[in-house]
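All chains, please: the whole structure from these sequences, using the hints.
There are 2 protein chains.
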Amino acid sequence: MLTHNSYFEGRVQSVGFERNGRKHTAGVIDAGEYHFGTGAAERMTVVSGELSIRVDGTADFHRYPAGTSFEVPASSGFDVRAAAPAAYLCEFL
Amino acid sequence: MLTHNSYFEGRVQSVGFERNGRKHTAGVIDAGEYHFGTGAAERMTVVSGELSIRVDGTADFHRYPAGTSFEVPASSGFDVRAAAPAAYLCEFL
Chain C
54 MLTHNSYFEG RVQSVGFERN GRKHTAGVID AGEYHFGTGA AERMTVVSGE
104 LSIRVDGTAD FHRYPAGTSF EVPASSGFDV RAAAPAAYLC EFL
Chain Z
54 MLTHNSYFEG RVQSVGFERN GRKHTAGVID AGEYHFGTGA AERMTVVSGE
104 LSIRVDGTAD FHRYPAGTSF EVPASSGFDV RAAAPAAYLC EFL
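Protein sequence lines, in the order shown, are assigned to chains C and Z.
Per the working numbering, residue 54 is the first one in the first sequence, and the count goes up by one each step.
Per the working numbering, residue 54 is the first one in the second sequence, and the count goes up by one each step.
If you're looking for bench data, these hints aren't it; they were derived computationally from the structure.
Small disclaimer: the values here were computed from a predicted structure and weren't measured.
Quick reminder that beta carbons are idealized off the backbone N, C-alpha and C, glycines included.
Mixed in with the good hints there might be a few duds.
Which chain C residues face chain Z? A few, computed with CB under 8 Å, are given here [unchecked claim]:
#1 L55
#2 G63
#3 Q66
#4 H77
#5 G85
#6 V100
#7 S101
#8 G102
#9 E103
#10 S105
#11 I106
#12 S129
#13 D132
#14 A137
#15 A140
#16 L142
Following this line, the structure appears as structure tokens:
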């Protein structure tokens, strides 16, 4: 059973799925800057384009090009900047 | 501007975007077997899980695990089998 998720007036959208009991989403972040909160910890892998990320409580943005990933602790959050639309895979840990 | 696409009663869903003038989709294929036709040629990259693919006019299915990709000619198509939900990136060539 897939789900469709839409945030920020459709500027971030994803498709949710579950495999081996673990939740995942595959989605796209349109150009812009956004903040997301986390419930469970997440691993985000950039699969197309590039994202800049600042995890809550840290000082600087870091660039994550396609093929790289970052993790965000549970009950935290992160700012994400995209200069152009970028696709990602999110795994809930 | 992102778009949401849904096929096969929601069992295949994707989010469409454009970057550098090229169309892409990031999506998920639920467990099952489906046939897709192509307009433009496509490069499909499996980003999570595994897909088995038979391009139209060829005899056999081939397995594509996460991290691998295949291309489908324009004005053609392919059968895709997923034993479990799998995520992909599609680039229109």
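Taking the hints in turn, this is what the structure says about them:
For C/L55, the suggested interface contact is upheld, since its CB lies about 5 Å from the closest CB of chain Z, less than 8 Å. Interface hint status for C/G63: upheld, as the beta-carbon distance to the closest one in chain Z is roughly 6 Å, under 8 Å. At a threshold of 8 Å, the smallest CB-CB gap from C/Q66 to chain Z is about 5 Å, leaving the interface hint in force. The criterion of a C-beta within 8 Å of any C-beta in chain Z is met by C/H77, whose closest approach is roughly 6 Å, and the hint holds.
Annotation: interface hint on C/G85 violated; nearest CB of chain Z at approximately 11 Å, more than 8 Å. The interface hint given for C/V100 is met, as the beta carbon of that residue sits about 5 Å from the closest beta carbon of chain Z, less than 8 Å. Interface restraint check for C/S101: the shortest CB-CB distance to chain Z comes to about 5 Å, inside 8 Å, so the restraint holds. The restraint placing C/G102 at the interface with chain Z holds, with a minimum CB-CB distance near 6 Å, inside the 8 Å limit.
With a cut of 8 Å, the hint placing C/E103 at the interface with chain Z is violated, because the nearest CB-to-CB distance is about 10 Å. Annotation: C/S105 was flagged as interfacial toward chain Z, and the flag is violated, the nearest CB pair being 16 Å apart, outside 8 Å. With a cut of 8 Å, the hint placing C/I106 at the interface with chain Z is violated, because the nearest CB-to-CB distance is about 18 Å. Residue-level restraint check for C/S129 is violated (minimum Cβ-Cβ distance to chain Z is 23 Å; threshold 8 Å).
Hint status for C/D132: violated, given a least beta-carbon distance of 19 Å to chain Z, over 8 Å. Interface hint at C/A137: satisfied, since its Cβ lies 5 Å from the closest Cβ of chain Z, which is below the 8 Å cut-off. With a cut of 8 Å, the hint placing C/A140 at the interface with chain Z holds, because the nearest CB-to-CB distance is about 4 Å. The closest approach between the C-beta of C/L142 and any C-beta of chain Z is roughly 5 Å, which is under the 8 Å cut-off, so the hint is satisfied.
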